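Position one of the sequence shown corresponds to residue 8 (the working numbering), numbered consecutively onward.
Hints are computed from structural coordinates only; laboratory data are not their basis.
Just so it is clear, the structure is predicted and the values come from calculations on it, not from any experiment.
Quick reminder that beta carbons are idealized off the backbone N, C-alpha and C, glycines included.
Wrong hints could be hidden among the right ones.
Claimed, not checked - Distance ranges between label pairs, derived from CB positions: (1) Glu345 <-> Thr265: 57 to 63 Å; (2) Arg251 <-> Phe324: 20 to 26 Å; (3) Arg186 <-> Thr265: 33 to 39 Å; (4) Ser182 <-> Glu67: 20 to 26 Å; (5) Arg186 <-> Asp133: 15 to 21 Å; (6) Glu232 <-> Thr64: 27 to 33 Å; (7) Ala357 <-> Arg69: 39 to 45 Å; (8) Asp115 <-> Ser178: 49 to 55 Å; (9) His259 <-> Ala357: 17 to 23 Å; (10) Arg69 <-> Phe20: 21 to 27 Å.
As the list claims (entries may be wrong) - Here are the simulated DMTMM-like pairs of lysine to aspartate or glutamate, each with C-alpha atoms no more than 20 Å apart in a straight line: (11) Lys360 <-> Asp201; (12) Lys159 <-> Asp231; (13) Lys358 <-> Asp231; (14) Lys360 <-> Glu298; (15) Lys159 <-> Glu298; (16) Lys159 <-> Asp224; (17) Lys159 <-> Glu130; (18) Lys358 <-> Asp201; (19) Lys159 <-> Asp115; (20) Lys175 <-> Glu130.
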Amino acid sequence: MAGVRLTQVRKVFDSGQVAVAGATFEVADGELVALVGPSGCGKSTLLRMIAGLEGITSGELRIGDRVVNDMAPRERDIAMVFQSYALYPHMSVRDNLAFGLRVRGVRDADIEAQVRDAAATLELADLLDRKPRELSGGQRQRVALGRALVRKPSVFLLDEPLSNLDAKLRSSVRSEIGRLHRRLRATMIYVTHDQVEAMTLGQRIVVMNDGVVQQIDTPMNVYDEPANLFVAGFIGSPSMNFFRGRLARGPHAALECTGFSLPLPDAQLASPALAAHAGDVIVGLRPEHLELAPADAAGTVFDGVLESIEPVGNEIFLGVRFNGGECVCRIAPQALPEPGQPLRLRYAPAKLKYFDADSGARLG
């Protein structure tokens with residue numbers, strides 16, 4: 008296996024569109040890194056540049072100790088798994104797995120051994136004589152993974168490999184990819200627009216938007232300490248709640264919003280970034296950091312009206328409306344008032360995140 012290092016890798020199309028604006032990060036040997044972001048953010052283009060399927064406008068790309076900017080895909084020692092499976096419909100599973108090895112001139116005995124090993128790893132041994140049309144979506148995706156696996160490449164590249172599967176199959180195949188990575192200790196770069204896939208599979212995640220790398224960190228650090236407003240809103244389901252207003256400091260510190268105010272701990276506002284900030288601020292709060300409070304509770308509380316109740320089994324999402332705003336609260340199953348009734352919410356001040364309302368940069 009080998010690591011991958013990108014240094015100011017940039018892609019500008021002939022139209023002038025900047026698809027990737029100077030990406031710099033490293034994937035360690037044996038690490039699984041997920042590239043995540045909305046459609047059109049540049050993540051698949053970046054993966055295709057690593058694969059050699061797109062040219063690099065500027066910057067340096069290394070796989071292992073080789074600069075591969077000008078190398079053909081076949082020279083980079085990578086294997087790619089696509090969203091569309093890309094299986095040969097007229098070939099059996101065995102022949103699909105073996106095809107790439109035959110093209111490279113591998114001996115028949117070695118091909119048979121490698122196909123057998125891949126089939127055992129991915130539980131395909133009973134399917135080797137079937138054609139792709141006789142397989143389920145999950146089985147086809149496992150064959151696509153197996154075709155990459157038999158090549159024993161330095162780097163695996165996976166481009167939204169689960170997008171064509173239903174929710175149950177996505178979960179199952181996602182688990183298989185995780186087990187495969189742990190078993191092989193392979194270097195993998197996994198592109199997805201699904202934050203759940205990124206959070207559950209990636210040892211680190213690279214969040215992208217508009218061709219720009221927004222944050223690189225472990226999944227929980229990205230979730231708990233988002234670098235900016237975009238990351239805070241994109242990572243997490245339901246999304247982080249946001250409240251925009253002006254900071255009022257002093258003994259009654261608060262975020263003064265249109266129609267309501269949120270009490271804030273004054274000590275928190277003394278941080279250098281917040282103390283120096285004069286414009287509008289956006290305060291973020293995850294739904295799980297809100298809870299129902301008694302009607303006579305004081306402190307960091309605010310009043311609203313229960314708008315909606317969405318039970319999803321082991322938790323409930325509450326939609327709450329109040330003067331000038333709304334939020335979502337995630338709570339454990341419990342007795343609740345009817346929609347339309349007033350309620351009071353308490354929030355954890357230590358969990359508040361502050362962002363510049365204009366630039367989106369994190370303030371504290």
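Hints versus structure:
For the pair Glu345 and Thr265, the supplied restraint of 57 to 63 Å is violated, since their beta-carbon distance comes to about 28 Å. At roughly 22 Å, the beta carbons of Arg251 and Phe324 sit within the given window of 20 to 26 Å. Distance hint check: the CB atoms of Arg186 and Thr265 are about 50 Å apart, inconsistent with the given range 33 to 39 Å. For the pair Ser182 and Glu67, the beta carbons lie near 35 Å from each other, so the given range of 20 to 26 Å is not met.
In this structure the hint that Arg186 and Asp133 lie 15 to 21 Å apart at CB holds, the actual value being about 19 Å. With their beta carbons about 32 Å apart, Glu232 and Thr64 fall inside the hinted range of 27 to 33 Å. Range check, Ala357 to Arg69: Cβ separation about 41 Å, and the 39 to 45 Å hint holds. Between Asp115 and Ser178 the CB atoms are about 37 Å apart, so this pair departs from the stated range of 49 to 55 Å.
At roughly 19 Å, the beta carbons of His259 and Ala357 sit within the given window of 17 to 23 Å. Range check, Arg69 to Phe20: about 24 Å between beta-carbon atoms, so the 21 to 27 Å window is met. Under the criterion of a C-alpha separation no larger than 20 Å, the hint pairing Lys360 with Asp201 is inconsistent with the structure, at around 23 Å. Among the hinted pairs, Lys159 with Asp231 is inconsistent with the structure: their alpha-carbon atoms are about 36 Å apart, more than 20 Å.
Restraint check: the Cα-Cα separation between Lys358 and Asp231 comes to about 9 Å, which is no more than 20 Å; the hinted pair holds. Our distance criterion of 20 Å between C-alpha atoms is met by Lys360 and Glu298, whose separation comes to about 17 Å. Of the supplied pair hints, the one linking Lys159 and Glu298 is violated, its CA atoms being roughly 50 Å apart against a limit of 20 Å. Simply put, Lys159 and Asp224 have alpha-carbon atoms about 28 Å apart, too far for the 20 Å limit, and the pair is violated.
Taking the CA atoms of Lys159 and Glu130, the gap is about 18 Å. The hint holds against a cut of 20 Å. With a C-alpha separation of about 25 Å, the suggested pair Lys358 and Asp201 falls outside the 20 Å cut-off, and the hint is violated. Taking the CA atoms of Lys159 and Asp115, the gap is about 16 Å. The hint holds against a cut of 20 Å. A hinted pair counts as satisfied when its Cα atoms are at most 20 Å apart, and Lys175 with Glu130 qualifies at roughly 18 Å.
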